[in-house]
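Trainee: Listed here are the chains, written in short residue letters.
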Amino acid sequence: MSHFADIAKNLIQGKFICEYSYPEEYAFLVKPGMSDEMDGYLQKMEFTLSTPQQGNGFYCSYLLPKHNHADLKKQFTEIITALSPLVSFLTLIQQTSGDDDVIRPGNILRMTEIQGVIEDTTVLSTQLDKIVSHSLFKSTSPTVEGKLKLIFMRLIEMDYLALSNPAHQIYTATSKWSLLIDQIRFINDTEKLSLEQLVEDNTQQSDLYD
Amino acid sequence: MTDEIRKSGVQFLKSLGKHADLILDTYLQGTVPVDYEDNQKTIDTLIQQQVLWQPSEDEGLHLTRAIRSMLEQGLKDERNRQLDINMGSAIATIKTLTGHYKEAQSSGNYRDASAYLRDIAEHVFSLIESLRRNVHKLWTHINNEFGRVGSLSAKIRENELAQEQVNTILIGLTMFDFKDLAELAGASPQLRKLLVVNLQWEIDKCATELSSAQKRLFRMLGHFKEIRSRSALVQGFQVFSEAHPDYQPPCYPELTNMPGLFNVIKPFKSKGLLDVNIEDPEFILTQLVQSIKVATVDQVEAPDRDPRAVEFNEMDEVDIIEKPETLAVENFLSHVIDNNGQKISALSYYQMIDFILDEEFWLFSVFSYMDSMDHESNLFKTKLLMNTQSEFTGNQFIEDIEVWIS
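Heads up: the sequence lines are chains H and W, in that order.
Going by this note's numbering, the residue at position 179 of the first sequence is 179; the numbering climbs one at a time, nothing skipped.
Plus 1000 on top of the position in the second sequence (first one is 1) and you've got this note's numbering.
Keep in mind that a hint or two might mislead.
[Unchecked claim] List of simulated lysine-lysine pairs, BS3-like, C-alpha gap at most 27 Å:
(1) W:LYS1225 / H:LYS192
(2) W:LYS1269 / H:LYS73
(3) H:LYS66 / H:LYS192
(4) W:LYS1269 / H:LYS9
(5) W:LYS1179 / W:LYS1095
(6) H:LYS149 / W:LYS1269
(7) W:LYS1014 / W:LYS1041
(8) H:LYS44 / W:LYS1269
(9) W:LYS1266 / H:LYS74
(10) H:LYS66 / W:LYS1266
(11) W:LYS1193 / W:LYS1205
(12) H:LYS9 / W:LYS1266
(13) W:LYS1269 / H:LYS15
(14) H:LYS15 / W:LYS1266
(15) W:LYS1266 / H:LYS73
(16) H:LYS138 / W:LYS1266
(17) W:LYS1269 / H:LYS74
(18) H:LYS66 / W:LYS1269
(19) H:LYS138 / W:LYS1269
(20) W:LYS1266 / H:LYS44
If you're looking for bench data, these hints aren't it; they were derived computationally from the structure.
This one's a predicted model, so the numbers in the text were calculated from it and none came from an experiment.
Generate coordinates for the entire structure from the input sequences, incorporating the hints supplied.
Mentor: What follows is the structure, encoded as structure tokens:
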């Protein structure tokens, strides 16, 4: 089977292709004219090739969203249900690293390091427990390691992470996080949630108690 | 650390003392006098210690600003004029001194004229030095992304401050009107060299550097703010969903103009088979294998049965037909044959016959019986009626099995 067909199949199976999740496939698609060719091929099946607003990557969308109402609604419910646990994971990692920034495509995640910090910090292990109580990352493992492994495994399945070094448990964040951030920003803007303001208010409040 | 600083500090001061003559003569004459030119080693040391510096290749060696102001202060020298980044005052000083110089020159007072010229040179070079120093400092901050402060907000404030400083210097630099300076220098070749060649070249260079620093600062500020906004968005969502765990945005796919961001296809899942040749999910597989081991251990821990002799003559009497479900399946198949091999669903047969078996178990029995039959010579055809499970994608239920003879 040709590389082209393989990639088309991956896209139809809902894979997110970027330089970190599927480097070879991504390199193939960014060759001149190749993404147009793929898009043309997908359009014959009433699909289309999409990319996130920011960052690079490819995923498959419906060419005629109106004709796929039921499936889109189902997908939408899945996306919305996953938002909260995914965001909890992002903040957990941000807290373990002490970074100002949240995970970005290409960031390296070392599971053993993350595990060490969580094991030493009660607040963080409580947060991890909360994450694994969600159906997306449901885990009954009693250890931090077991819980993290399950989360990371699920994130690989969802194309948010790529396992870059199995022996040392080193993972790379993919560009799918950009899509997630785009989606949150869209909800924030459309529903006027003023999420950024919420953090500021929260910080000011905790400053008062300090 | 303190000891080291102390040690090198003492060494530095001793070196100043040791070369006091050279330094003082340089201070008085503006540049290192010719008498010392043979003493290259000393000069190199002093350059290295930032006591001396050379504004440009064709200029003599000057005292650095710090040493000069130290001497000016120590000697209570009248020439001690504080020079800062305030370009207005620098220009005014240079203009004033140029006035003095021209006057002395025209009245034939060459000694004074030469002293004024040295003063002008000193001010021009100090200005150049301070501009260079400022630019250098700025780039250091830029290059380590304001690493001296920890938080992102502090970095943003530092960046804004630096931008303000760059703006002030740039505005100051525009005050140097080179037409004015050229007029000021007049026909004097020394003044032209100082004010037009040296100063103009240096200020042009500095202005270019500063505008590229300004661009970098602006981009960096944008980057900092993007990080802050992205992080606040994520943290805000976390705070929000903790406060409103059941929050659901309106179903965007129902909008007439559906946002493209949520146009993600429902994956077409192929058969879920493990490819053991891929190394990536190695640890997942290892985990699975480990869990299998645990199961075996459980079985081993089951109470040991008493050993008993196996009597081989009993083998012939063991007959699978004796199982009620097997009998029932065979009766079902006979029923299919009796009906001229027409398609009959296992469940409809189940409802016809008064069974003691569980419905699910019945379906499973039919399925496993049909599956165990030799496919090549099988007279019967089967079709599984599947239904997709709603909670987990990719899983399917067998709802019924149809059997017929083709």
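Trainee: Could you run down the list of hints and mark each one as holding or not?
Mentor: Do the hints match the structure? See the list:
no.	hint	result
1	W:LYS1225 / H:LYS192	holds, 20 Å
2	W:LYS1269 / H:LYS73	holds, 18 Å
3	H:LYS66 / H:LYS192	holds, 26 Å
4	W:LYS1269 / H:LYS9	holds, 10 Å
5	W:LYS1179 / W:LYS1095	holds, 13 Å
6	H:LYS149 / W:LYS1269	holds, 24 Å
7	W:LYS1014 / W:LYS1041	holds, 16 Å
8	H:LYS44 / W:LYS1269	holds, 20 Å
9	W:LYS1266 / H:LYS74	holds, 8 Å
10	H:LYS66 / W:LYS1266	holds, 14 Å
11	W:LYS1193 / W:LYS1205	holds, 17 Å
12	H:LYS9 / W:LYS1266	holds, 13 Å
13	W:LYS1269 / H:LYS15	holds, 10 Å
14	H:LYS15 / W:LYS1266	holds, 10 Å
15	W:LYS1266 / H:LYS73	holds, 10 Å
16	H:LYS138 / W:LYS1266	holds, 22 Å
17	W:LYS1269 / H:LYS74	holds, 15 Å
18	H:LYS66 / W:LYS1269	holds, 22 Å
19	H:LYS138 / W:LYS1269	holds, 22 Å
20	W:LYS1266 / H:LYS44	holds, 17 Å
Hint compliance for this structure: every hint is met.
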